[in-house]
Structure formats: structure tokens, C-alpha cells
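Here the sequence shown is numbered in full-length UniProt numbering, starting from 1 and rising by one per residue.
Hints listed in this document are in silico derivations from the structure and should not be mistaken for laboratory results.
This structure is a prediction, so every number in the text was calculated from the model and none was measured.
The reader is advised that the hints may include incorrect statements.
As the list claims (entries may be wrong) - Distance condition first, Cα-Cα at most 25 Å in a straight line; then the derived BS3-like pairs of lysine-lysine: (1) 530 <-> 404; (2) 240 <-> 264; (3) 480 <-> 581; (4) 540 <-> 480; (5) 681 <-> 654; (6) 581 <-> 540; (7) 410 <-> 540; (8) 240 <-> 257; (9) 530 <-> 600; (10) 371 <-> 410; (11) 371 <-> 449; (12) 620 <-> 600; (13) 480 <-> 548; (14) 480 <-> 449; (15) 23 <-> 474; (16) 371 <-> 257; (17) 548 <-> 581; (18) 410 <-> 581; (19) 235 <-> 264; (20) 543 <-> 480; (21) 163 <-> 13; (22) 474 <-> 581; (23) 23 <-> 600; (24) 13 <-> 600; (25) 23 <-> 681; (26) 235 <-> 620; (27) 548 <-> 163; (28) 482 <-> 530; (29) 543 <-> 581; (30) 454 <-> 443; (31) 550 <-> 474; (32) 491 <-> 644.
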Amino acid sequence: IAATQPSTNWHLKENAREHHTSKFSSEELIVRRGQAFTITFNGTERPEQNLIFIAETGPKPSKATKTLATFDISSTVSKEGWSAVLQSTSSNSVSISISSPHNAVIGRYRLSVQTGSASPAILGTFVLLFNPWSSGDDVFMPSKAECEEYVLEEFGIIFAGNKNHISSFGWNFGQFQGDILNICLSIMDRSLYYRQDPVTDVSHRHDPRYLGRVLSAMVNANDDQGVVLGNWSGKYEGGKNPSSWTGSGEILQSWKKSGFKPVKYGQCWVFAAVLTTVLRCLGIPTRTITNFSSAHDADGNLRVDEFYDADGNHLERGADSVWNFHVWNESWFTRNDLGPSYSGWQVLDATPQEQSGGIYQCGPASRHAIKEGEVDLDYDGTFVFAEVNADCMYWNYDSATGKKTLIFSKSTEIGASISTKAVGRDDRVDVTSDYKYEEGSAKERDIFKKARKKLGLEDKFDPTAPKMEEIEQKPDISGKFKVAGSLEVGKDLNLLLVLENLQSDAKTVNVNMTAWSTLYTRRRVNQIWKDSLSVTLAPKEEKQFPIKIKYPEYQQQLTTDKTIQVTALCHVEGGIQVLVKRNITLDNPAIDIQVLGEAKVNKEVVVEVAFTNPIDTEVKDCVLQVEGSDLLQGILELRIPSLKASETSSTKLKLIPSEAGLKHLLVNFSCDKFADIKTFKMVKVIN
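Kindly generate the complete structure, drawing on both the sequences and the hints.
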């Protein structure tokens with residue numbers, strides 16, 4: 001006899017509270033694995049008799065791939081598989097507590113029930129996620145505060161700028177908003193792994209290691225029509241400038257709306273932020289990490305080569321590069337494949353830099369393995385180790401003869417001030433010592449040698465070892481650039497070139513200086529300024545030379561990364577060349593947010609955003625963009641009238657908060673002279 005369709009009460013509120021899934025706004029049950037949830041259904045005669053439950057996921061559910069489970073009512077929760085425990089019965093309904101195993105495949109399940117010989121009746125669908133609150137789960141995180149931050153927090157802070165001048169901006173991860181969970185599930189179903197072999201792919205979805213790697217590939221568009229298309233050209237026609245996004249929601253929604261066409265455009269922090277959203281949504285604790293002076297070692301020799309011409313211009317030669325900063329992810333899970341000491345934070349990087357296993361994916365690399373120089377362990381340890389440890393070699397290159405001469409090398413340049421947001425606070429935490437031993441210490445050099453040895457780069461066999469003409473000579477002078485005054489867009493840039501004679505006889509020096517606007521990857525875009533000077537330095541003398549680059553000189557040339565590289569190549573008569581360089585990041589002017597009155601759930605509250613034009617010309621095409629999870633739906637975009645010199649604009653907007661707690665409002669202001677001035681404000685919402 002065909003069973004009548006039972007009606008199911010999923011106890012959405014109670015189950016969500018127990019499973020830390022209350023923030024999802026869904027009519028579907030969302031629960032975490034390895035933990036019981038309760039459902040009540042009716043339409044079964046003599047319900048406690050011979051009920052058999054069927055939970056299945058994926059395109060071809062089977063017991064062999066652990067994508068199909070059949071289980072009947074038992075008196076206790078099963079240690080191994082799925083189980084159902086009878087809670088209560090009445091004349092026409094039954095309440096059951098269902099538990100999944102700690103290592104269940106995650107994703108959307110269909111739940112059916114069968115009584116006697118009747119065909120199974122579908123109770124409905126539910127979504128199963130990772131469970132960092134449960135000690136049996138691979139993603140178990142003992143600290144509740146860390147679970148709150150790395151899984152439930154929808155706001156993040158991303159660090160940028162450069163190591164001499166760290167800046168930060170807010171980001172709305174928004175992992176619980178609207179349709180994001182469904183989009184995350186469809187990301188998994190669009191990966192190359194799924195397309196090649198859907199059955200095997202789904203059966204691996206119990207493993208955070210596997211999913212982390214797959215999703216690091218899917219967040220970039222390379223290979224698989226993934227979510228975000230990278231663009232580091234400085235020209236962003238046909239898409240959005242990467243620095244204009246303020247959250248992941250708009251990006252993920254656009255990807256889905258366009259029929260899954262890659263969203264234009266992203267740079268490293270966009271890839272990292274979107275991956276954070278996806279992994280937090282699925283229940284894997286994840287955070288963004290910023291590495292300053294980050295190496296991209298393309299040839300795997302743990303060395304980065306940079307070339308300069310006789311005028312001090314940085315040349316685009318070779319595939320190696322050093323970025324002012326690079327943002328990647330850390331996710332928290334065990335490494336059963338490597339052993340207990342390698343569990344904990346794992347590096348994942350969704351920015352498409354080098355291929356791994358034939359596609360643009362990176363990680364998971366155990367952070368502990370990176371610190372210990374275990375570069376041979378899965379996955380991509382060599383690349384990540386180089387990002388924080390590579391040695392820098394600076395060369396003078398003569399394009400006429402093809403001759404290269406080593407100017408100097410530096411082993412303490414790469415991997416500085418590695419940063420992430422603090423747990424429960426809007427502060428920066430330095431995690432450099434979790435990636436490497438102290439720069440300049442014997443231990444740090446030993447680890448570097450160990451890594452080289454594992455890669456077969458011991459110096460005697462090393463094709464990259466210095467040849468005779470590459471042996472470093474001692475320079476006769478030293479130099480540095482000092483910043484004099486503020487580093488602000490709209491103001492003149494004042495620097496001092498400081499040169500010091502290290503010898504006890506006089507030295508004549510010819511200096512060629514250039515300043516270029518660059519991207520944050522230090523890729524040169526426009527020359528801003530050049531100059532040269534000749535100077536004789538008395539024995540042991542130090543001299544300072546002021547340099548002024550006026551705002552009108554750089555304004556047209558500046559990229560939206562607001563970065564300038566200044567170099568001085570010093571030709572010492574009768575001695576070796578000395579290269580002096582500095583990467584400068586300018587700050588945008590400030591923007592101010594005030595919350596007028598108390599913010600209460602479902603009550604209107606007014607927010608005022610003020611901006612003062614700091615330059616002596618009019619600014620036009622002003623646009624204000626506002627977003628914030630639980631404070632407003634989607635993104636609010638407002639056009640603002642032009643502002644004359646020193647004029648202040650004040651814009652009032654109304655919010656209706658939907659949930660109590662500490663929320664963050666993100667604001668992005670742009671005009672023809674200033675791109676993407678970002679700020680955020682914490683808003684305390686009460687019931």
C-alpha cells in the first residue's frame with residue numbers, strides 16, 4: 001500500500017538553536033553533523049513499529065560511498081553511523097531524534113521513512129554542515145570564542161598597505177545572508193572534480209582537507225569558470241575595480257545571477273574574503289591572513305630575483321615578484337594524513353598564482369609544517385614557505401649586453417608583520433612567529449637550509465648558487481629614503497634621501513632617481529617623476545637630500561592601490577652600485593560615520609556619513625555605498641552632489657536592524673579624485 005505523504009515538523013527554531021545555525025534565514029532545516037536533531041511527523045499507523053529511515057545525498061547515493069544510510073529506531077545513538085531514537089508518540093504522530101556520524105558527508109540530504117512493506121515516503125530535505133562545536137569532528141575547535149569568530153562572525157577586517165605602514169578595511173562576509181548557503185552548495189557541484197566524477201567527489205565531502213583544496217580552485221575563475229576573475233592590470237573596464245567591493249554577498253549573488261559566469265574583477269583579498277565566506281558558511285573555521293612583503297617564487301628555488309636598469313627603473317624581467325602584501329586563508333582542521341602535530345591552522349590560497357596538480361589551487365599546507373621547513377608535505381608547502389621566507393636578490397641588468405650584476409641580496413626582507421583580526425575585537429594580531437622563527441636567528445637560517453635541502457637545492461649542486469661575478473662586494477656607501485610629513489592622497493609627498501659614506505676617504509656618487517605609481521603587487525604602471533644628482537661625500541659623512549613630488553604631478557598617475565615606488569640607483573666612482581628603494585602607500589582622507597540615537601531590532605535608526613573634500617579643486621561623481629549584515633538588506637548606493645574645495649557633505653540614511661548584537665556598517669565613498677575611501681562602524685543593536 002502506498003504510504004500517504006506524511007507532514008513533517010522540522011522544529012526549525014529549536015534545532016537551529018542547538019546546532020548554532022540560527023543565523024541562517026531558511027525555511028529548510030540546517031544542522032551540523034555528529035549531533036542529534038528532532039523531527040515530528042504524522043501519517044504513519046502504529047508509528048513505533050518497524051520504521052526505517054533513509055538519508056541520502058548526491059547524484060547516486062550508495063552505502064559504499066557513505067552517501068546513503070538506512071537506519072531503524074534504536075534505543076541509543078550509534079557511535080559509527082546514523083541513528084534514530086524514539087522521543088515520543090501520540091495517536092497519529094511520532095517524534096524522533098536523528099543523529100549523523102561525526103564524519104558524515106556534508107551537503108543537502110533527502111530524508112524518507114518506510115513502514116513495513118510500503119514504499120518510502122519522503123519527509124523532506126535538510127542541509128548537513130561541519131560541526132566545530134563537536135569534539136569528534138575534524139574541524140573541532142575547543143574554544144567557543146574562536147568558534148563564534150571564525151564560523152559565526154559575518155564581519156572581518158583585512159589588513160593591507162605595506163610593512164612600514166599597515167592599513168586595514170572592513171569586509172562583510174555575510175555567510176548567513178539570503179541565498180548564500182545554496183550558492184556555496186552549487187559551487188561544490190560546479191568544480192572540475194565533480195564534473196569529472198560526481199560520485200567520488202560527493203563521497204569525499206566529509207573531509208575538510210579535500211573541500212578546502214577544491215574550493216580554493218573554485219573561488220578563482222581559472223580552469224573551471226569559478227566565482228571571481230582576477231585582474232592585476234590596473235585597468236578594470238567591463239567589471240568592478242577589485243578595491244571597490246565591500247563584501248562577498250554581492251559577488252556570490254552576481255555569479256549565480258549571471259548563470260555562473262565569473263565575476264569581474266578580483267585581487268588577492270577578494271579571493272581570500274570570498275573563500276572565508278564559503279568555508280564559514282559550510283562550518284569550517286576560517287580567517288584571512290595578510291603577509292607583508294610577500295614573495296611569489298615562480299621557479300621554486302626559494303629565491304626572488306629583481307632587476308633594475310642603470311637609471312634605477314625596476315624592470316619586469318623573470319616571473320618572480322614581491323608584493324607589498326598578499327592575503328590568503330587559514331582554516332582549522334586535523335591532518336590525519338600527516339599526523340597530529342600538523343593539525344590546527346592550514347593555509348589555503350584561492351588567488352591564482354601557480355598551478356598545483358595542473359590547476360590553480362593552493363593548500364591546505366599545514367602552518368606548523370611551514371614553520372619547520374617541511375616543504376615536502378602536502379600540499380604546496382614550497383610555494384607557501386617561499387611566500388614568507390624567500391631570499392631576495394637585486395640585480396643590475398644591462399639590456400644592451402644582457403649582463404647582470406648582483407647589487408645586493410637580503411634574507412630578512414620577505415614575510416613581515418603577518419596579520420589577522422583578533423578574536424572578538426576589531427584589532428590586529430601579529431602571527432609572524434607562527435610561520436617562522438625570528439628573522440636573523442640561527443634557527444631561522446637552519447630551517448631555511450633544511451627546506452633547500454629537501455628541495456635538492458644544497459649549494460654545491462645549486463644551479464642558482466652565486467657564480468664568481470655574483471659574489472657580493474661590500475658597498476662604500478649606504479642609503480635610505482625617509483618620509484618627511486604625511487602620506488595622504490591630495491597632499492605633496494615629501495621624502496629625504498639619506499646617503500652615508502662608510503669609508504674613510506671621500507666618495508663621489510652619481511644618483512639616478514625615479515618614482516613610479518604601482519599596483520600593490522609592485523607592478524609599475526606610470527612614471528611620476530625622475531631626477532638625478534651628483535654629490536661628493538667626505539669621509540664618514542652623512543647627507544640628506546629633500547625630494548618633493550607635488551600632488552598635481554602624481555594625481556593623474558596614481559592607481560587605486562595608491563602605491564608609489566621610489567628608487568635611487570647610486571653609482572659610486574671606483575666602487576659598486578648601491579640601490580636604495582622604498583614602497584610608499586598613501587592614505588585616503590577620512591570619512592566619518594555617526595549613529596544618531598539607539599539602534600533597536602525592527603526600529604528605524606538614522607546614520608550620518610560625512611566627508612570633507614581636502615583638496616583645493618572640486619570633486620565630482622561622488623558615490624556612497626553602504627552595506628552591513630543584519631543592518632540593511634543588500635547594498636545601498638547613493639549619488640552625492642559635487643563638493644567644492646574644503647566643502648563637507650553630510651548624508652543621512654535610515655537603517656532597520658533585523659537582529660540584536662554587535663553589527664558592523666561598512667561604507668565606501670568614491671569620487672573622481674579619490675577611489676574607494678572605506679570605513680566601518682560598530683553598531684550595537686538591542687532588542
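Numbers of the earlier hints that this structure fails to satisfy, in rising order: 9, 12, 14, 15, 16, 21 and 31
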